[in-house]
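Make the full structure from the sequences, and use the hints.
From first to last, the protein sequence lines are chains F and Y. In terms of the numbering used here, the first sequence opens at residue 41 and continues consecutively. In terms of the numbering used here, the second sequence opens at residue 5 and continues consecutively.
In short, the hints are calculated from the structure, not lab data.
Cut-off 20 Å, straight-line C-alpha distance, at most; resulting in silico cross-link-like pairs (PhoX-like, lysine-lysine):
| id | chain 1 | residue 1 | chain 2 | residue 2 |
| --- | --- | --- | --- | --- |
| 1 | Y | K152 | F | K473 |
| 2 | F | K473 | F | K400 |
| 3 | F | K525 | F | K93 |
| 4 | F | K478 | Y | K106 |
| 5 | Y | K182 | Y | K194 |
| 6 | F | K520 | F | K237 |
| 7 | F | K400 | Y | K152 |
| 8 | F | K400 | Y | K106 |
| 9 | Y | K272 | Y | K413 |
| 10 | Y | K182 | F | K439 |
| 11 | Y | K106 | F | K473 |
| 12 | F | K388 | F | K400 |
| 13 | F | K480 | F | K400 |
| 14 | F | K529 | F | K94 |
| 15 | F | K93 | F | K529 |
| 16 | Y | K580 | Y | K591 |
| 17 | Y | K152 | Y | K106 |
| 18 | F | K400 | F | K478 |
Cβ pair distances, simulated, as ranges:
| id | chain 1 | residue 1 | chain 2 | residue 2 | range |
| --- | --- | --- | --- | --- | --- |
| 19 | F | I45 | Y | S57 | 50 to 56 Å |
| 20 | F | Y241 | Y | N269 | 54 to 60 Å |
| 21 | F | L313 | Y | P222 | 29 to 35 Å |
| 22 | Y | K28 | F | D191 | 48 to 54 Å |
| 23 | F | V99 | Y | S592 | 51 to 57 Å |
| 24 | Y | F19 | F | V99 | 50 to 56 Å |
| 25 | F | L490 | Y | I451 | 43 to 49 Å |
| 26 | Y | G63 | F | V99 | 32 to 38 Å |
| 27 | Y | E583 | F | S389 | 29 to 35 Å |
| 28 | F | L490 | Y | S273 | 56 to 62 Å |
| 29 | Y | I595 | F | N65 | 51 to 57 Å |
| 30 | Y | R365 | F | D191 | 53 to 59 Å |
| 31 | F | I501 | Y | G29 | 29 to 35 Å |
To spell it out: a stretch of chain F is covered by chain Y in this simulated footprint if at least three of its residues, at any positions, have a beta carbon under 8 Å from a beta carbon of chain Y; those stretches are:
| id | region |
| --- | --- |
| 32 | 257 to 266 |
| 33 | 425 to 435 |
| 34 | 465 to 471 |
As the structure is a computational prediction, the values presented were derived from the model and not from experiment. We put the CB at the ideal spot given by N, CA and C, even for glycine.
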Amino acid sequence: MVNPILLIAIPLFVAFSVPIIGHINKKTVSYLVLGTLLFNFVGVTTILEHAIKKPILVVIGGWPPPWGINLSVDALGAFFAFIILFIALIVYIYVFYRDFYPAPFEKFNMLYLLVVMGATGMVFTGDIFNMFVFLEITAISSYGLSGIRGDGKGSEGAFKYLILGSISSSFVLIGIMFLYGTVGSLNIAHIAQNIDKVNPYVLGVAFMMFLVGFGMESELFPLNAWVPDTYTGAPHFVTALFSGMISKAGIYALIRLFYVLFGFTHFSWILMLLAFFTLFMAELSALTQTDFKRLLSYSSIGQMGLATLGFGLGSYLGFTAALFQLFNHAISKVVLFLGVGYMEGLLKSRRLSSMEGLAKRLPWFAFIFTLAMFSIIGLPPFLGFWGKFYLVLAFIQAKPLYMIFIIIILLVTLVEAYYYLRIVHKFYFTPPKDETLKLKGDSRIIFLMLILVSILFLLGIWPKAILLYIKPAALSLADKIGYIKFVLKGGL
Amino acid sequence: MYLALLIILPFISAFIVYFIDRIKGRREAEFLSYLLASLFVLMVLFTYGRNISFSIDGGSFGRIVFRTDMLSWFFAILSAGFFLLSLVFNFPYYKEKELVSKEYYIPTFFLLIGSIFGILFSRHLLSMFFFWEIMTWSSYLMASYSGKVSRTSSMRYVIMSIFGAYAFLIAIGMIFMKIHALDITIIAGKIPTIDLASMVSILILFTIAFGVKAALMPLHTWAPFAYTEAPSGFTPFFSGVLSKLGVFALFVSIFSIPLFRVISNLYKSGPFGLSWPFYVVALLGAITAFLGSVLAFFQDDAKKLLAFSSISQLGYIITGLFIGTSLGIGGALFHALNHTIFKGMLFMAIASVIYRTNTRRLSEMGGLLPNMPVTFVVVLGGIIALAGIPPSGGFASKWMLYEALIAKKMVFMATLLFLATTASFLYVFRLIHSIFLGQRPVRFATIKEVPLPMQIPMIILLIFTYIFGIFPGLVLSPISRILTDVGFQPINYTITQVASPLGSWNAFWVFVLMGWAFIIGLFFFFVGAPSRKVSKLDTFASGEILGEDVPYHYSYYFYRPLEDVIMPYLRVSAHKIYESLSAFVVKSSGIVRLWYNGNLETYVFYLVVFIFFILVFSKLIA
Chain F
41 MVNPILLIAI PLFVAFSVPI IGHINKKTVS YLVLGTLLFN FVGVTTILEH
91 AIKKPILVVI GGWPPPWGIN LSVDALGAFF AFIILFIALI VYIYVFYRDF
141 YPAPFEKFNM LYLLVVMGAT GMVFTGDIFN MFVFLEITAI SSYGLSGIRG
191 DGKGSEGAFK YLILGSISSS FVLIGIMFLY GTVGSLNIAH IAQNIDKVNP
241 YVLGVAFMMF LVGFGMESEL FPLNAWVPDT YTGAPHFVTA LFSGMISKAG
291 IYALIRLFYV LFGFTHFSWI LMLLAFFTLF MAELSALTQT DFKRLLSYSS
341 IGQMGLATLG FGLGSYLGFT AALFQLFNHA ISKVVLFLGV GYMEGLLKSR
391 RLSSMEGLAK RLPWFAFIFT LAMFSIIGLP PFLGFWGKFY LVLAFIQAKP
441 LYMIFIIIIL LVTLVEAYYY LRIVHKFYFT PPKDETLKLK GDSRIIFLML
491 ILVSILFLLG IWPKAILLYI KPAALSLADK IGYIKFVLKG GL
Chain Y
5 MYLALLIILP FISAFIVYFI DRIKGRREAE FLSYLLASLF VLMVLFTYGR
55 NISFSIDGGS FGRIVFRTDM LSWFFAILSA GFFLLSLVFN FPYYKEKELV
105 SKEYYIPTFF LLIGSIFGIL FSRHLLSMFF FWEIMTWSSY LMASYSGKVS
155 RTSSMRYVIM SIFGAYAFLI AIGMIFMKIH ALDITIIAGK IPTIDLASMV
205 SILILFTIAF GVKAALMPLH TWAPFAYTEA PSGFTPFFSG VLSKLGVFAL
255 FVSIFSIPLF RVISNLYKSG PFGLSWPFYV VALLGAITAF LGSVLAFFQD
305 DAKKLLAFSS ISQLGYIITG LFIGTSLGIG GALFHALNHT IFKGMLFMAI
355 ASVIYRTNTR RLSEMGGLLP NMPVTFVVVL GGIIALAGIP PSGGFASKWM
405 LYEALIAKKM VFMATLLFLA TTASFLYVFR LIHSIFLGQR PVRFATIKEV
455 PLPMQIPMII LLIFTYIFGI FPGLVLSPIS RILTDVGFQP INYTITQVAS
505 PLGSWNAFWV FVLMGWAFII GLFFFFVGAP SRKVSKLDTF ASGEILGEDV
555 PYHYSYYFYR PLEDVIMPYL RVSAHKIYES LSAFVVKSSG IVRLWYNGNL
605 ETYVFYLVVF IFFILVFSKL IA
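The structure is reproduced here in structure tokens:
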């Protein structure tokens with residue numbers, strides 16, 4: 041097993057050496073970054089294999105948990121880290137193949153590694169202050185990434201994200217102050233152990249502060265207003281990164297704090313309410329979109345809402361549903377965002393009307409897109425189906441009243457099915473306006489995307505392969521006592 | 005292993021056919037797909053009466069079992085056989101006519117038949133749902149190949165279907181949460197432990213889920229559009245087989261999972277010894293049968309006319325199933341088979357006419373009898389079966405359904421069904437009259453009969469209709485075994501004779517009698533007064549001289565007076581309600597989008613308001 045600390049330290053080191061190496065040879069930089077990401081991915085795979093059996097505690101500087109800084113990687117954290125690093129690797133391979141870096145080459149590589157490092161840190165860390173630090177690293181480097189092209193739209197999106205993001209993440213700091221002031225500790229497990237001593241009102245306010253900060257990253261209503269603009273304005277591989285990875289880190293922090301640090305189980309309705317509005321607003325907004333990328337960014341919000349609904353239920357089945365949903369969303373949205381960006385280069389347009397008859401012009405892309413969209417809608421035999429299936433089971437298990445809730449949710453997702461299938465119809469059953477215009481896609485990129493959709497398909501018909509990892513992750517989220525025990529080792 | 009192969013093979017064949025088409029050419033792909041389809045038919049035939057099964061591990065959902073039994077054999081042979089025939093029928097169509105993305109058409113068809121096998125052989129609700137959804141999207145794709153015109157219609161179909169699938173999903177969830185099993189055999193054992201309210205809601209959910217496919221009113225609204233706009237080569241399969249899957253799944257959910265028996269035991273109150281939920285659905289079926297027929301006679305579009313007729317015939321089947329007597333269920337299954345055959349045949353015949361004339365409007369056709377004699381015979385045979393006239397199969401099954409209703413003294417429903425049949429005479433007559441008789445428009449003077457591959461499937465189906473009409477015992481033998489499998493009394497039958505509580509009748513003698521009547525009629529036709537040949541234009545027209553180019557064979561607004569009387573009562577329709585609902589959703593989408601107005605100040609305002617609210621709310625939480 042690779043030491044989790046290396047997954048944070050190496051990218052950080054490489055990130056800061058990028059400007060120096062970039063002066064000497066540019067090609068070396070991209071190989072170096074690729075190597076780092078590859079190492080991280082392999083590392084996280086070994087960590088995941090280990091963490092599903094036994095959680096990993098890394099003590100830094102020889103100080104045992106409540107006092108020192110520590111990384112506490114349990115199955116949940118490792119699973120999220122796996123998603124994050126997998127997406128990071130895939131997106132970078134895409135950029136590497138395309139050989140198509142935005143103008144400030146070194147800055148891009150540096151920010152990329154910093155985002156990856158920040159997101160990994162967020163899911164690995166065991167104390168809330170470090171979580172804040174990593175959140176800031178992730179956020180600030182993603183502001184930079186989203187505006188990296190330096191054009192009007194990109195800068196506008198980046199600016200909106202910057203303003204909203206910096207306001208809301210300062211609230212996280214206030215939340216930390218509340219907790220530190222009352223418990224006198226920053227360690228998640230330690231606070232969790234002593235949470236009863238905190239005045240409940242203070243606790244409520246503290247949680248709300250965290251909700252504002254991390255809700256922003258995880259695209260919850262009403263904090264997600266930046267998403268459509270930033271996603272649309274940013275270069276497509278950055279958008280893929282946002283949707284596949286940064287939002288995942290945000291939701292991880294939120295649920296970790298909600299269930300482990302605060303141990304709220306009785307009023308998860310607030311999470312569900314927000315998630316429901318997230319889903320509802322996003323899906324309805326997406327319905328009449330004509331810009332494909334903007335449509336996808338609304339749908340991305342909607343999918344995060346659906347996952348948060350699963351988390352909000354607070355049961356094992358709900359967690360399972362949410363984790364399935366997140367994994368499916370990460371992969372299929374990455375395929376779609378990268379594909380849209382790639383096609384935008386070929387077709388010179390992102391409008392849905394320009395994609396009529398795509399099956400004739402770019403058959404492979406149309407095929408890949410269709411499969412990814414089927415997976416998002418939740419049609420078998422793709423991975424997305426299992427997320428929806430478990431969600432329905434979880435809702436029915438919860439309370440009789442929730443039956444009505446799940447019916448409404450399914451009706452809302454029907455809207456999603458409508459707008460995606462409409463696109464499929466455009467691809468295959470509408471003749472292209474200009475028959476002669478046959479385009480050629482890069483076979484390496486098609487190959488990369490085919491690998492991703494075949495993952496969706498294979499896990500769709502053999503969900504056990506992924507359930508093997510989701511199950512311990514869901515269990516570890518539900519097990520607050522277990523988390524405290526493993527971090528504090530029975531001490532204090 | 006055999007069964008696993010049967011389910012997986014169609015999916016693999018889809019890819020093989022696609023690549024052969026790409027690499028070798030269309031002829032080879034065509035040949036190969038015939039071969040594969042015949043292989044499926046043989047493989048399904050082989051499972052007759054055998055109990056072949058295989059299972060895979062389903063984790064916390066228990067073992068996922070696939071097994072053949074008589075019920076699945078009955079529907080599988082129907083699907084596989086019809087699949088082969090419609091492939092044969094499709095090829096000329098698919099070679100010449102406008103289909104968008106032709107190269108994917110046959111492969112998608114193979115995906116569809118694979119998913120159908122998956123549904124039919126599943127003995128586990130999870131796998132059944134899995135394949136059900138695959139069937140939904142692959143049939144959606146099939147219905148879309150006619151291009152841009154198909155968009156709204158196929159969207160209506162798929163959205164309604166996914167809606168139904170969600171109902172199925174919730175029903176599965178409820179069952180799983182109550183008894184922690186999804187295997188149909190296990191559920192059948194444990195279902196009496198569920199409380200009545202949940203059981204009735206499960207029944208309602210199942211009825212919604214499968215009622216969509218079986219076009220039960222008020223869930224039928226997709227059918228007239230989807231059947232009409234789908235490629236004409238696919239519509240026979242669409243109406244003939246896919247709607248029968250709704251019937252199959254309804255059968256499984258109320259008899260294999262014995263919701264019928266359990267609910268009837270617990271919930272005794274209801275008319276005619278039938279508990280209320282079942283009576284209501286049976287009544288809905290009868291209303292569907294009646295209204296479908298009535299709506300069919302105002303259609304000028306030949307495919308739409310048949311689509312409404314399909315809705316109507318499916319109503320008969322649902323009524324038969326839900327009255328829950330041996331005779332009713334047997335009649336329903338028999339009628340399902342007959343409907344597949346005669347409606348498939350009629351849709352094929354209409355597709356042939358459209359293939360040659362390029363129009364679906366009845367008012368634009370006429371006088372095609374000399375040009376297309378084979379098609380004419382098929383349509384004639386088909387409408388005889390559809391109207392339930394002996395010696396066709398349609399008579400045998402409809403008669404069983406009437407007897408079942410009469411035996412239970414359900415006079416109202418029986419009346420509705422009789423009226424529906426009468427109404428069906430009115431519309432099927434138009435198919436013959438408007439298409440084949442009367443004056444032929446000049447532009448159709450030179451059209452020819454359709455190519456042989458299109459004729460053969462129709463003729464085969466025609467032969468089958470009459471064989472099943474004369475020897476109903478052939479079909480009743482598997483049906484009786486299905487009935488005994490789910491614990492009902494088998495039907496008393498011999499090869500030609502069907503017995504019911506009201507007495508028995510011999511289909512063969514009915515045939516002989518009809519034959520005599522026919523021969524006597526023929527005799528007088530030849531022996532009686534000599535007939536005189538007149539020109540088609542020899543008509544009194546107030547002194548006007550008619551030319552070939554003046555249309556006098558009017559079939560536009562054919563039942564105008566009737567329409568004026570009936571239509572005002574049909575102002576409110578389920579279709580209009582759904583349309584206004586979807587218009588409302590689109591409109592509210594425009595309003596919701598205003599939230600994301602792109603203005604940073606507004607977004608910061610949201611943030612501030614949110615923080616204010618949560619500070620107030622955190623008091624609540626604490």
